[in-house]
Every structure is written in C-alpha cells, then in structure tokens.
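Visitor: Here the protein sequences line up with chains A and B, keeping their order.
When we follow numbering that gives the first Met the number 0, the leftmost residue of the first sequence carries the number 0, and every step to the right adds one.
When we follow numbering that gives the first Met the number 0, the leftmost residue of the second sequence carries the number 0, and every step to the right adds one.
For the record, the hints were derived by calculation from the structure and aren't laboratory data.
Treat the hints with caution; some may be incorrect.
Each pair may be met inside one copy or between any two copies, as identical chains are not told apart.
To be verified - Derived lysine-lysine pairs resembling BS3-like cross-links, with alpha carbons at most 27 Å apart:
#, residue 1, residue 2
1, 268, 9
2, 217, 9
3, 9, 132
4, 50, 268
5, 132, 268
6, 132, 171
7, 50, 9
8, 268, 171
Computed from a predicted structure; not experimentally measured.
There are 2 protein chains.
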Amino acid sequence: MTNLKRPWTKYPYFEEDTSADVVLARMGPDTDARLAQVMTSAVRHLHAFVKEVRPTHAEWLTAIKFLTETGHMCTDWRQEYILLSDTLGVTMLIDAINHSHGDGATENTILGPFYVENPPHRPNGFNICLDGKGEPLSIRGRVLDTDGNPVAGATVDAWQTNDEGFYDVQQKGIQPDMNLRGVFTTDDAGAYWFQTAKPRYYPIPFDGPVGQLLRAMKRGPNRAAHIHFIVKAPGYEDVITHVFPPDCPYLEMDAVFGVKETLIGDFRKVDGGWALDWDFTLARAA
Amino acid sequence: MTNLKRPWTKYPYFEEDTSADVVLARMGPDTDARLAQVMTSAVRHLHAFVKEVRPTHAEWLTAIKFLTETGHMCTDWRQEYILLSDTLGVTMLIDAINHSHGDGATENTILGPFYVENPPHRPNGFNICLDGKGEPLSIRGRVLDTDGNPVAGATVDAWQTNDEGFYDVQQKGIQPDMNLRGVFTTDDAGAYWFQTAKPRYYPIPFDGPVGQLLRAMKRGPNRAAHIHFIVKAPGYEDVITHVFPPDCPYLEMDAVFGVKETLIGDFRKVDGGWALDWDFTLARAA
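Extracted from the complex, chain A is given alone in its bound form (with noise of 0.2 Å):
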C-alpha cells in the first residue's frame, strides 16, 4: 500500500481513542459560546455512551429507525419526541433545573399537553365538573407565601381528567367544553375553593416508538391520577404542579415521573364523596 503522508494537517484524522475531540475541533472559533458548550457535552458524552455499548452496524440501525420513526410520529397533534424526553425522565429533570426554589415552596412537576389556553375564571365555590359524572371532591385550601402569610389575589388554574381517565379534549362531543377546567381567584385571606370530581390515572399515547420501547422495558403507559394547578401571583414566581390522590394503584410508576412525595394529597372519604385541604405556597420573584 502506497501512502502519502501529509505533514500540513491542521485538523486531527478520525481515530477511535480521540473520536470526539477530533469532531469537536471542528468547531469555527466564532460558534456561538452557548451552542459551541452545549455540542462540546453532547458530543462527549455521545461518544462515551457508543464506546461503553459498542453497537453493531445492526444496532446502530436500529437506533437510526427509531429516531426516525419518532420523527415521522410527530404531528400537530401527537409530541412523540416530548413524549420520548418525558418517559426518559428528562422533562422531569429540565423542570428540577429550572424550577429548584429549595425555600419550601411548592414543588414543581410537568405541565403536561392537555392545558388548555384561555380557560374559564370561575367564582370560589363554583362545581367544574359540568356533567356531574364521578366522584364528587371538594378542594379548598391557601396560597401563602414562604413566611405564610396569606396571599390575596392569586390565581389557582386547575385542570384534570374525569372519572374515567380523559380530558374534555379527548372527548370533544362527550364531554362538556372546558369540563373539569376553571381558574379561582383567592380573597383576603389567600383562600380559594371549589367543586370538581376526584380524577383518574389514564395512560399516555402508548402506540408509537415510545410505546414499543416502554414494553420493551417492561414499563407500563399510565400517570398517576392527579389534578394540575398553575398558581401565580403578582411578585411571585408561578408554580406550574399537580396534586395526586394517595389511594392512585399508579404512584409509584407514574409513566413520566411526574409524582413528588410532597404532591401526595391527603384526600379524606367524607359523606357523598371526598374533601381535600391544599394549600400552596409561593416563592417571591427574583
């Protein structure tokens, strides 16, 4: 074999020990700082995880499919790829990072796809079950701030599941529009309250990629029951959380990691149906 060697190389061959610093020297000097760290990690740690697993060219296929397959799932209506982050974890974790007050406020989980922009304001007091089906569940409770101290004026956004486990989105015709949804306004004493029926666990899109991987993990596709808020109020960062009921079969192995211990509502059996005390608590803005 005849071979020319080029003494002017500026730029490093590929070579399997220094494959990702060969890729990231490629990198212009006038990359953007933010893109140019942000690749530097993902390339890194890309080419750490090859090297642990070392594919075969059939594996590599087949990581090439589902990525594709991901893809191709994705629609105006269908997020397979924020599907593929949630189950993973990472939706979870990009929420920690960005929401991490540690002054006791309360937790943060994930917003989820099914809010709903513009929802109704209703008044304290007022039932957002419009079809009166389920199990009736009274929710009344404070928003303080991290002194606890009443805060007047808030708005608590709550939105969730029927008894059966779907949004008024999923079941458009079935359903009432805006069913189960409604936004409360606190009174003096950062009280709010109102009527609503006790939710149900329901699985996630579980017939694309993302479910063919979770079966493959012996995962299962359900959320933990659960009803979200969105709490804000002028001075306050917003907390976008959920509350889970206790007696859920599915809290353990909420399909996108959502449930915190701290988010476990004690719901109480009381005549025709269930009361829940839930108080938030908000930390001030920065």
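Based on the hints, put chain B in the right spot on chain A.
Guide: The following block gives chain B in isolation, referenced to the frame of chain A:
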C-alpha cells in the same frame, strides 16, 4: 400543605440528584439484557449531559424541534438521522468499533448512501468512466493477505463521483447508468487494474436541520474527493474503504470524518492524466 407520607413506596420518586437511577429502577427484571445495558448507558449519559449544560425550557424545546424536524426530513431517499450520525462522527465510530483489525489490514471507512446493489462485473483494464469526462486515472494494485501473499479471485468493487462531484444516481439522464461503478476480480498474482476518472469533492445534503446545525457550528458540508471500494475474498474479512487523492482541499475537513491517513493515495501526474498504485490487505476471517 397537607401531605401523606407513603411508607409502602417500592419505586423511588423523582429527585434531581438521583434522576437517572429513578428512571432505570423502573426497568422490569425480565427486560432483554442487551436492551437493559444500552438503555442504562443511554439514560445515564443523557441525564449527565442535561445536568452539565442545564438547559432552559426554551433550549429543551429547541432540541425537541430539532429532533422532530430531523425525523420529518427523512424519506425513502433521504436519511437525515444517518447524516446527523455521520456529521457527529458516530458513524465512523461505529465503523471503527466493528472493524478494528489492528493487524496491518486495510482500514475501513464508511459505506455512504451511494452504493448500488448488483454493480456490473468488468474485465481488468475496463474504463468505468462511460462518458469519458474528467481527467483520466489508471489504477492498479494487488489484494494481499496480512503476510503479504497475493489473494487470487478477490473482488474489488469500486464506485465514485464524476469530475463534477456527482454520482450517476444523482444525475439520471445526464450520466450513463452505472457510470463510474464496476467490480473487478484479481488474477493469479492477486492483481487488478482499471481505468476511471479522477473523483471530485462534493457537499453532503445541506438544506435540512443537519445543514443548519453544521452552519451554526461554522463547519462546511464537503466530503473530501474519494473512490469507494468493497474488497471481498473467501476466507477473509470484507473491507469497506476509500482511497483519497492527496491534493483535495477538503481532506482535513471531510464533513463525515471519513479520511484516514493510511487511505490517502499517491496519485501521480502522468502523460494524459493520473496514475495510482493501490494495494489492499485483507485480514483472515475469524
């Protein structure tokens, strides 16, 4: 806030510090062992990457959109995820992992997307440049074993671009079918020889999300000029490789990291064109 401590928890709830462990704890004990190994490494590196770069919610959404658009760009004739793998050096790394002979055999490099099944078998001496365009190139060499003995009856399957950087399949109706493709068989002395044209560098598809990422990293799209080869003989490992002319301006900046020092040939200027002596060394099959 009223919480209910759950002493019966089997699976841990999500915590930032232990996030990868929480996700991996969910894998069922009867998960395929290889899948469990791959996902364990993937989830650990993915979470470590997120913790290193601490993406904002907007940056996370940018990543989701990039992955989605890369999937949407894939069709039967365009594989943007393979292009992403190529340009991040992963394809070359997979190749290195699966083809490191370390015994003096000719080095592998990537197959690329332009191989065509059932190329024409040609007699030694045949000119595969069917339209006579470009600078003529004579190639001759031998196929050897790692002890330097000739391998008779080996096949040398070659394909390449024309002098404008296009493969025949990219210029149907402009180039003749099977232009610059041919399979040669070594004689009793292990020799092969054929006529062709000098290949030119060419850009990888640059109009999709991968092209955008390369531009953002201030990287160019060009592959260094090369001739592809697959060399096979009974009892030996196949080798998928290239030879590169030493005067190509993109040798050091090949967009897919395909260049290796040992694969740069000594192309000599001769009367009426170019000449190359190029031997292949095959490792015995395991």
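Visitor: Each hint needs a verdict: does it hold in this structure or not?
Guide: Here is how each hint holds up against the structure:
For the identical chains of this complex, residue 268 and residue 9 are inter-copy neighbours only, at 25 Å across copies versus 73 Å inside a copy, given an alpha-carbon limit of 27 Å. Taking the shortest Cα distances, residue 217 and residue 9 sit within 27 Å of each other only across copies (16 Å), while inside one copy they are farther apart (49 Å). In the homo-oligomer, the alpha carbons of residue 9 and residue 132 never lie at most 27 Å apart, since the shortest distance is 71 Å inside one protomer and 33 Å across protomers. Taking the shortest Cα distances, residue 50 and residue 268 never come within 27 Å of each other, neither inside one copy (55 Å) nor across copies (42 Å).
Taking CA atoms no more than 27 Å apart as the test, residue 132 paired with residue 268 passes inside one copy only; the shortest distance there is 17 Å, against 86 Å between copies. Only within a single protomer do residue 132 and residue 171 lie at most 27 Å apart by alpha-carbon distance; the minimum there is 16 Å, versus 65 Å between protomers. For the identical chains of this complex, residue 50 and residue 9 are intra-copy neighbours only, at 26 Å inside a copy versus 33 Å across copies, given an alpha-carbon limit of 27 Å. Taking CA atoms no more than 27 Å apart as the test, residue 268 paired with residue 171 passes in neither setting, with 31 Å inside one copy and 74 Å between copies.
Hints 3, 4, 8 from the earlier list are contradicted by this structure; the remaining hints agree with it.
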